[in-house]
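From first to last, the protein sequence lines are chains A and B. For the first sequence, this note's numbering gives the first residue as 1, with consecutive numbering after it. For the second sequence, this note's numbering gives the first residue as 293, with consecutive numbering after it.
Hints were generated in silico from the structure; no laboratory data involved. It should be emphasised that the depicted structure is a prediction, and the values quoted were computed from it without experimental measurement. The beta carbon of each residue, even a glycine, is placed where N, CA and C say it ideally should be. Take these hints with a grain of salt, some might be off.
Unchecked claim - Just so you have them, the derived chain A footprint on chain B, three or more residues with Cβ under 8 Å:
| # | segment |
| --- | --- |
| 1 | 410–423 |
| 2 | 434–443 |
| 3 | 446–456 |
What the hints assert, rightly or not - Pair ranges (Cβ atoms, derived):
| # | chain 1 | residue 1 | chain 2 | residue 2 | range |
| --- | --- | --- | --- | --- | --- |
| 4 | A | Y261 | B | Y390 | 20 to 26 Å |
| 5 | B | A412 | A | H277 | 42 to 48 Å |
| 6 | A | W48 | B | P447 | 31 to 37 Å |
| 7 | A | Q115 | B | Y390 | 48 to 54 Å |
| 8 | B | A441 | A | E67 | 52 to 58 Å |
| 9 | A | A31 | B | E395 | 45 to 51 Å |
| 10 | A | F68 | B | A394 | 46 to 52 Å |
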Amino acid sequence: MTLFAAAALLAASPAVRAGTPINERAAADPAGSVEVSNVAGTVRVIGWDRNEVEVTGELGVGAEKLEFAVADKVTRIKVILPRKTSNVEDTDLVVRVPAASRLSVNTVSADIEVQGLLGAQRLQSVSAEISTAAAGEDVECKSVSGDVTVNGSFKKGLLTITTVSGDATALRVAGEVNANTVSGDITLGLGETNRSRVRSTSGDLTMAALLAADGKLDAESISGDVRLELVGAVDAEFDLSSFNGEIRNCFGPKAVSTSEYAPGKELRFREGQGSAHVRIKTLNGDISVCRK
Amino acid sequence: MNGAGHGERPDGRIDAALASLPRELPPARDLWPDIESRLEPRRRRGAWAWQAAAAIALVAVSSLVTASLVRRADAPVARTSTQASQAAVMPTTFGPSYSLNAEYDMARRQLATDLEQRLAGMPPSARQKLEANLAEMHRAAAEINVALARQPGHPLLEELLLNTYQDELGVLASVNQLTGTAPAATARQENVKL
């Protein structure tokens, strides 16, 4: 009887068992779209020089299957979990795609790592770490609590980073950068920047930037500190103000109080012809602007 | 007017009486001690921060009271009060005299309501961090409103407050979008080993 019960249980269990290897491959448009979806584990995407999409890795225990479909220049890769799960393990995916592909990755807690991709990217997660390289096309990274890291090559493009509590780091990026966080810290290394907008509620903002002529850099924090170091010849107008924080700079002018009877300091000055514009506002955070 | 001829000053005696009044009239007794006892103590450096903290606490408590009133009006009620639901009911004041417009408030409430339904599907640690961060934004808005109450119309404060509300809306929208497009197993997180 015991053996019969055990056999019945095995027959009713999900078909997939531990460590199911994944090995899928299909032809793909060299500039097509690839969409990847995973819950937990890792997603690693690598750009290559073949007109194919290849998925390898290991399906986690309890996962129902890997959906792999190609239609209308779109390749979809999705880890499917059964409706009633019991302790689903991580699924680790390695996805190789044509380097010029447009990529979209959605995960809950699966870490996302992208390398060698030249096309636009949209990487989203609830709690995972996101790491990618920017190559001149639009890159958007969004996470609630995971950290975001973007490494560029100073090619101009549009970079958008949004986190709630994760830290954001973007180095050697250029063009237009929008970075928003609530409590994470933002660290930016900006090449020639036409327009950048950086905001936090309580996170600190640390930036090193080369401003383009007519470039605009707008940074704001409620209670985080803002530190900006400018690289190269500085030709900009500065508008710095803080309600409760200090304003420091190495260009010479001193901040003045905005009112004799209330808190608030501001500092407006020009370096060179004032072609670029730097605007920094805080409520409580300190502001520091200097030449690197 | 009595006895005044045409063109003469009405009554020269009034002018004379005014001229004879003393320029100063000292009080019968020293009034200063009574006046001094009614004045507020001189503000010490840092008292601003304490008062702001007290006002923030007051706003937070009033938000919780408001949330409980809303919950009692609705049936069925949520088991726990999350920061998303508090976002929906916390008044979006803009300084001492204004509130944000109805369209903004409606959008905010809808996003907060949608998020409330998705919070249960988030990984617990991410949910806790999100709630803590929404609370951080509410504290920031409260702090700026306190400052605006003291400095109505202060342009920096108004700009920071408006941006804080916009950022909150952005966070609610982003998280709704993230949890809405995340793989379907988010609703079954309790069984997923994360």
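Hint-by-hint comparison with the structure:
1. 410–423: holds (count 6)
2. 434–443: Since 5 is at least three, the answer is holds.
3. 446–456: Three-residue rule met by the segment 446–456 of chain B, so holds; n is 7.
4. A:Y261 x B:Y390: 20 to 26 Å: 23 Å Cβ-Cβ, so the 20 to 26 Å window holds.
5. B:A412 x A:H277: 42 to 48 Å: holds, 45 Å
6. A:W48 x B:P447: 31 to 37 Å: violated, 53 Å
7. A:Q115 x B:Y390: 48 to 54 Å: holds, 50 Å
8. B:A441 x A:E67: 52 to 58 Å: holds, 56 Å
9. A:A31 x B:E395: 45 to 51 Å: violated, 40 Å
10. A:F68 x B:A394: 46 to 52 Å: holds, 48 Å
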